[in-house]
Structures are given as structure tokens and as C-alpha cells.
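Novice: Can you make the complete structure from the sequences, with help from the hints?
Chains as they are written, first to last, in our numbering: chain P, 1 to 373; chain R, 1 to 513.
Hints are not guaranteed to be accurate.
[Stated by the list, open to error] Distance ranges between label pairs, derived from CB positions:
#1 M112/R to Y317/P: 41 to 51 angstroms
#2 F28/P to R152/R: 58 to 68 angstroms
#3 L117/P to S99/R: 50 to 60 angstroms
#4 K117/R to L157/P: 49 to 59 angstroms
#5 V150/P to A119/R: 26 to 36 angstroms
#6 A280/R to L117/P: 29 to 39 angstroms
#7 M112/R to V336/P: 32 to 42 angstroms
#8 Y317/P to Q132/R: 56 to 66 angstroms
#9 S335/P to W379/R: 36 to 46 angstroms
[As the list claims (entries may be wrong)] Computed cross-link-like contacts, DSS-like style, restricted to lysine-lysine with a CA-CA straight-line distance of at most 27 angstroms:
#10 K234/P to K325/R
#11 K491/R to K278/R
#12 K374/R to K234/P
#13 K18/R to K133/R
#14 K197/R to K233/R
#15 K487/R to K500/R
#16 K331/R to K374/R
#17 K233/R to K500/R
#18 K234/P to K278/R
#19 K133/R to K233/R
#20 K31/R to K233/R
#21 K331/R to K234/P
The hints are simulated quantities; they were obtained by calculation from the structure and are not laboratory data. The beta carbon of each residue, even a glycine, is placed where N, CA and C say it ideally should be.
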Amino acid sequence: MTQSTSASTRPHGNFDLLRMLFNGRAFFALIAIIIIFSTLSPVYFSTNNFLTMSSHVAIYGLLALGMLLVILTGGIDLSVGSTLGLSGVIAGFLMQGVGIHAFGVTLYPPVWAVVILTAMLGAVVGGINGVLIAYFRVPAFVATLGMLYVARGAAMLMTNGLTFNTLEGDPELGNTGFDWLGFNGLLGVPVSVWVLIAVAVIGMLLLRRTPYGRWVYAIGCNARAAELSGVPVKRVQVSVYLLSGVCAAIAGLVLSSQLTSAGPTAGTTYEMIAIAAVVIGGAALSGGRGSVGGTLLGAFVIGFLSDGLVIIGVSAYWQMVFTGGVIILAVLLNSVQYRGRKKRSTAIPPSSKPGGVVDAVTGNRNSKSAVVS
Amino acid sequence: MSELTQHAPTDEIVLSAKDVAKSFGNVHALKTVNFDIHRGQVTTLFGENGAGKSTLMKILSGVIQPTSGEITLNGEPVSFSSSVDAQRMGISIIHQELSLAPNMNVRDNIFMGREIKGASGINYAEEARQAQKLLADLDGSIDPLDMVEDLRLGQQQIIEIARALSVESRILIMDEPTSALSATEVGVLFDVIARLKRQGVSIVYISHHLEEALEVTDHAVVLRDGLMTAYAKRADIDLEWIVRNMVGEGFDLGSPPVDHEFGAVALNIENLSVADAKVAGRFLVDHLSLQVRAGEIVCLYGLMGAGRTELLECVAGRLPADDGKVLLGGKDISRLTISERIEQGLVLVPEDRQRDGLVQTQSVGQNLSLASIKDFTRWLLTSRPRETEVIDNAIGQVRIKAGGAHAEIGSLSGGNQQKVVIGKMLATQPRVVLLDEPSRGIDIGAKAEVFRLLAQGAAQKGLAVLFSTSEVGECLSIAHRVVVLSKGRIKAEFGADVTKEEIMAASGESVAA
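Specialist: Here's what the structure looks like:
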């Protein structure tokens, strides 16, 4: 699931085992979490609990997949938690019926229309982020930080800070079924998990099999080279934020459906969980490295860890400490991995020329005359 | 080698290099160099790219240590463990790219890292006084409280010199100090050098501008392929002597393919201009017109700052043009984006392959197919077999020696990396290919192969090739035509029968010009 490092495999048994453990660290961390909590609590290792936890993971996973696209291009999206909240509120607002005073009627859009409109809202929010970042050169951190406040404020304004509680719809109005997303299951698995799987499959195809995916990776590693190779860099940049917004909106729909209520504070600080999931999954915040599989694992690690801590009755404060520790450890291991790679890639093959050595000594690869012959 | 150490130095010698050599593994970057630096005089290192100038410069400034040989400073043998060490012994280097903090003022830059401390923090008054004293000797118009970003480039260079003098440097190494300066600023710099000489400061000068260097130097050290080919006093030499010793016999980089007819004009650059964003009214590319026909190979020769990169990047769509048109096969492409120009058949192989050419996190194959990805996409998804075909073709065509398409980019040598960038652009089936210094930083064998590849493309596919170089030897390889660029304009145009001396004479800019 994590990226394979095919280069320089050596036939040392111990070494290979260590390397495998290291490269698959997110996976093994997940296994360890499951084993530890199963021994600590009899409730943890049960189908029911796994399904419940998975439906929580679905929310994190959806946000994290959108975040992955953004991070792969070397950006960051801090607004996804707020976008999630705003989307839920918009969905709730639409489900309550839209009163049009001029005609004295109230429109009750069917659920499919609510879903599409909400997803479009997410696209608009993300699109604004993208345009600000790609065309107006606002740093991603700042642009999305601003959007974090704007979207949250808008959600508060729409409800005056209150929560929409009746999302079940009314059979007479033909808008029932909103709770299907959060409550029902297919083949014994919650619909929200199926949504996550669907988005993950699309994401995987997108990243691995389409030109678009290749472009996302190329931009994240070297936008200048990508541009000179004919990649529409700015459009791709806008689109990753747009898709991140859509993912956040879908997550908002799933969450408000699970809760059958839509509160304006839903999803607060979820952007941090999404970033953490992506990083635990082995992605580099500098861009260009990361995968859908790794990100899903990251989401599971975070979800299973925090639910496990709740189940064994650890206080909320300790939960924060543990989660934070895991995130720091993940980033630490990532930097070890990438530094190792960098070393390997700048190592000089025996047949190569001395220019590389000079470069390695001075670190000055742009020097006009760094190469000697 | 016979000319070595024959002239008896009349003045005090501050530093002398004796049999200094440097090798990296099996490769000898520098072989037995012998010369002296005299007190209060200028010694210039001449040599083409890759001749060993920068290696020698790094040895003198302590960045790297020589493999063998001895350096004596004021009669004592020394070895520098680092550039800080060398600076402590009075040797400072002023790099081509200045290392100043533009957001701080002159005083703070001069004393950066060595702030003078007073009773309550930094003693700004004392710093300002000392800065004022240093600057008064160099350029009276600079105030210690001026912001560095408000100064002209030439003045910023003087700040660097002042900084070196503030640590009591007795030897200043100047790497290409005039490359970014205007003619007036060069004049000012030379005045400063004259003043430094009077103060007894010795200068090691490195420049591609031969005429300029001749004007300022007292001694000349000429390097070629790591060997010191000549060492003489200024009075005994002239421009021709330097060129002869610099260029030598040279390596065969191929000859222009002659067995094919040129086609119609493939690339037509009309009156193209790129304004200098930093200096109003100055042009990096100055109303330049140039035509390249199908099957023709044109070499663009020019010194640093002549506008080669700007011209090529503007034609490729990277830099916006301020005036003029670019026509591809008669069609105006001036308004198209880079990717549209690639689709139309015009590609650029950039100068700096690490910065602009390669995606380090992707494999050799993914790098090769990045620009032609649309060719193997069906119904939104890429086709693996088709992609493999494209990659295998590219690897075969440009003869990349790598551990297959899945090898990491970083595991390739410089020459093979360059071939990946070229292969990537050729995979788009272009009609016109622009290459900015395609031979930069690759060894001579790879160089010859790159040129062979371009010659083949021109002869067999009617490719129009426009490549730039700063090495005069490369102009005499496969090019049908050599265009000499200077200050954004075409200074001269030659056929394939041009000589090195003619090209160098055409491009050399004297201060008076």
C-alpha cells in the first residue's frame, strides 16, 4: 500500500524484514492498534464495533482523500472542516424546505437534488480556494485559513448558531431518505463506508491511470518542469482544491445523515485530522509523494486509535496527547524515509562524472561552472 | 607546460600554488597547477566551462581540499579546512550570485554574523562608522543605512567587497563579477579594483569576457581540461594567445549533416522583445529576428547575460513577449500557452535540467512520457502497453543507459539525465526543438552523443534545431549556422566554416562598447 522502493534491495534477511516493517509502517501500526485495544477491551474486537468505527473512519477518509490531492501538488487545504460544516448546514436548510416568499410557497427539493446542490457548494468553496492560490498567488496556507473562517461563519449565519434537527423528510413531500447515507447498510456494511470505497477507487484510478494523476504528482515535485512539459499547472491546481471541496461536502452529507442533524460547528478541527491521515499514510507535505492506499490506512489508524481510546475509557485529554504523539511519530518516520531516499538518489554511481561530486560538496548545483571535466 | 614558472616574479608573492592537483575518484579535475599571486596585482584564470577554473577557485577559497600539491601563503605552507578557515587567513571569495540580504541595510549586511556588540546589544553606531570608512574607499555614494534592495547590482557587489575587506581580506577571488553589470558599472568596478590594488589587496579574477579581463589583469593563468596550459604576464600576451591556449585542439563533436535539403522556414522569430523587469528601458531580448528552416541546425552563441535563455524561453512561451511575433510553420503562435505550443510541435529543452527538466520523485519512464501523455490516453485512462511503447521508443532513440524504465531519476548520470529530458521532448514528435545549453554539465562523450542525436533528427526527420551554448567549441560541431548574441541582439552570423577566433571576437564585449 505504501510506495515501493524497488531500488537497492539487498539480500540481507534481517535488513529486508526491517525495511518491510518500515515501509509498511502505517499498516503495521493499524494491526498493532487493533491487537492492543482488543486485549484491553472485549468490546473492541467485534463486527459491530468495527462497523461503527468504520463509519467514523469514512468521514476522515473522505476528507483525507481530498486533502491528499491537494498535498500531492504541494499545497494544503485548511478549510475542509468548515466546508464540511457548511455543507451539512446547507443540506439541512434545503431539507427543511426553501420558502419563496414572493410566491408564498415552500419548495422541498428531493434528496438527490439536495446531494447535488451540496456537492456543488463544496466545489464552489474549493474552486474559490484554488483560484486564489493558482491565479492570485495567495499562499495556500493563508487562502484556505481565510476560507476556514468564512465558511464556518457562513454556516453560523445560516442557522444563527442553531442546529437543524429534522432531516428525516416527509413522505408526503417526497423528500425522505436522507438518513439512508448514514444509517443503512449494503451487504452489512454501512453506506458511508461504501461511499468512501467508491471515492477511493475513483481517486486511485485518477492518480494512477489518468494523465491528470500524473500531472498532480509532477506539479508537486517540480512545477517548473511540469509546466515546460505542457502540463496545465494552474488549472490542475484549481481542480485539486475544487475536488477537495467536493470531498468535504460529501463528508458533510454523510456526517449530517449519520447524526440526522446538521449543526454549524460540525467538523471543527477535522482539517487537522485529514492532514494527519495523509501524513501517516506516508505522503510528503512538500508534495509529489503519497498514495490513496496509504491515506486510507492513515484514516483508519487515526479513527481506530481514537475510538479505541474512547472504548477503554481514556480521558479526552489523554486522547489528544496520544493522537498528537502518533502524528509526530509519523512525520518523523517520513522524514527519515525521504532523507534516506535523497541520499540514495544523490549517491554517485561509479561510472558517473566528477561534476556530481563537486555538487555534493558545495551543494551548489546551479553554479555555472560547477562541473569539471 | 613548457611555459610554466619561467618568468621571474618581480613583486612580493602572497600565495603560490605548487603542483596542485585535484581528482574525484578516477577523474582528474585539476592536474598539477603552478602559479603565484602577487601582492596588489590581479591574476586572471582563463578557461572554458569545465576547464577546471571553478575547482581551482574552490581550492583557493577552502571549499575543497587539493588531492596533492602545496599552497603557500606568505611563505608558509597552509591548508584550509573550510571556507571560513580560508577567510580567517585573509582569502575571501565574491560569488557570481551575491549573498546579501536585500531586506536589510548596507551596515547590517557588512557585519552580518560578526555584529559588533556594545553594552546594550549591537553597537550600531560603531558598525556604521566602520562601514562608512570602508565604503568611502570604494564608492562614496553608498550610505551605510541604504537598503541593499534599493542599490544597483554593481553597488551590491561593492557591498560584498566591503564585507570581505572588513574581515581584513588580503586576497579577493571574484567569480564572473561583470556578468550582470552594465558597461558603466563595469567601469566603476574596475576603478574599485585599481583602488584595491593600491591598498595592496591581491585579486584572483575569473571571467568569460576575455577583453574585459585583459584590461584589468596583470597575470594570466590559462586552464584547459584541468591542465594549466599557460601562465604569463599581461605585457607578454594578447587576446589571440589566450584563445589559442584556452581552446586547444578540442574533441570532435561531429559535423553538420550535409546530405539533406533544408525545408521551408519552420521557425520564424520576428522582432521579438523581452523587457528587463529590473531596469526600465533595457531589453533582455532586443527586437530580434531569426529564422530556422526545417532540417537546419542553428547554434546560438553568447556569453552569460547575452539573452540566450530569455530568447528561447520566450519562444517556448515561458516568458511573455513585450513585442514581436513567433511563427511556427507560418502560423502565429505568440498567443498560445506552453502546452499548446508543444501540441503545435515546438518544444524547449531547458538549461537547468534539475530545476526545469526532471521530476525527481517519478521514474525514468514517467519522466519520459510526461509531455506526450495524451498520446497514450484512451477514454480518460492511460494505456499501459501504449505508454511502455512510447517509453521504450524514447529510451532506444536517445540511448539512455539506465536500469530500465522504472529506475529512479537520481540513479542516472548527468548525461543520461539530460537524455531523459531531450527524449521526453522528442517523444512529442516536434517540428522545432529548442535546446538551452544542452551540453551543460555533461561529459564529453555524452555531449557528442547528444549532438549526434540532434544531427540525426535534422537529417532524417527534418527537425529544425536551435541550440544555445556558451562554449565556443560546440559552435563548430553540428551547426549549419552560428548566430552570435550579445545584449539581446544578434551581433554576427556565420556559416559552418567559422573559426573559434571569429566567434570569440564577435561576442567579446569591451568596456568601451
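Novice: Now, for every hint given, state plainly whether the structure supports it.
Specialist: To see whether the hints hold, each was checked on the structure:
no., hint, result
1, M112/R to Y317/P: 41 to 51 angstroms, "holds (45 angstroms)"
2, F28/P to R152/R: 58 to 68 angstroms, "holds (60 angstroms)"
3, L117/P to S99/R: 50 to 60 angstroms, "holds (56 angstroms)"
4, K117/R to L157/P: 49 to 59 angstroms, "holds (55 angstroms)"
5, V150/P to A119/R: 26 to 36 angstroms, "violated (50 angstroms)"
6, A280/R to L117/P: 29 to 39 angstroms, "violated (52 angstroms)"
7, M112/R to V336/P: 32 to 42 angstroms, "holds (33 angstroms)"
8, Y317/P to Q132/R: 56 to 66 angstroms, "holds (59 angstroms)"
9, S335/P to W379/R: 36 to 46 angstroms, "holds (39 angstroms)"
10, K234/P to K325/R, "holds (25 angstroms)"
11, K491/R to K278/R, "holds (23 angstroms)"
12, K374/R to K234/P, "holds (18 angstroms)"
13, K18/R to K133/R, "violated (37 angstroms)"
14, K197/R to K233/R, "holds (16 angstroms)"
15, K487/R to K500/R, "holds (20 angstroms)"
16, K331/R to K374/R, "holds (23 angstroms)"
17, K233/R to K500/R, "holds (24 angstroms)"
18, K234/P to K278/R, "holds (26 angstroms)"
19, K133/R to K233/R, "violated (34 angstroms)"
20, K31/R to K233/R, "holds (21 angstroms)"
21, K331/R to K234/P, "holds (26 angstroms)"
When the structure is compared with the earlier hints, violations turn up for hints 5, 6, 13, 19 and for no others.
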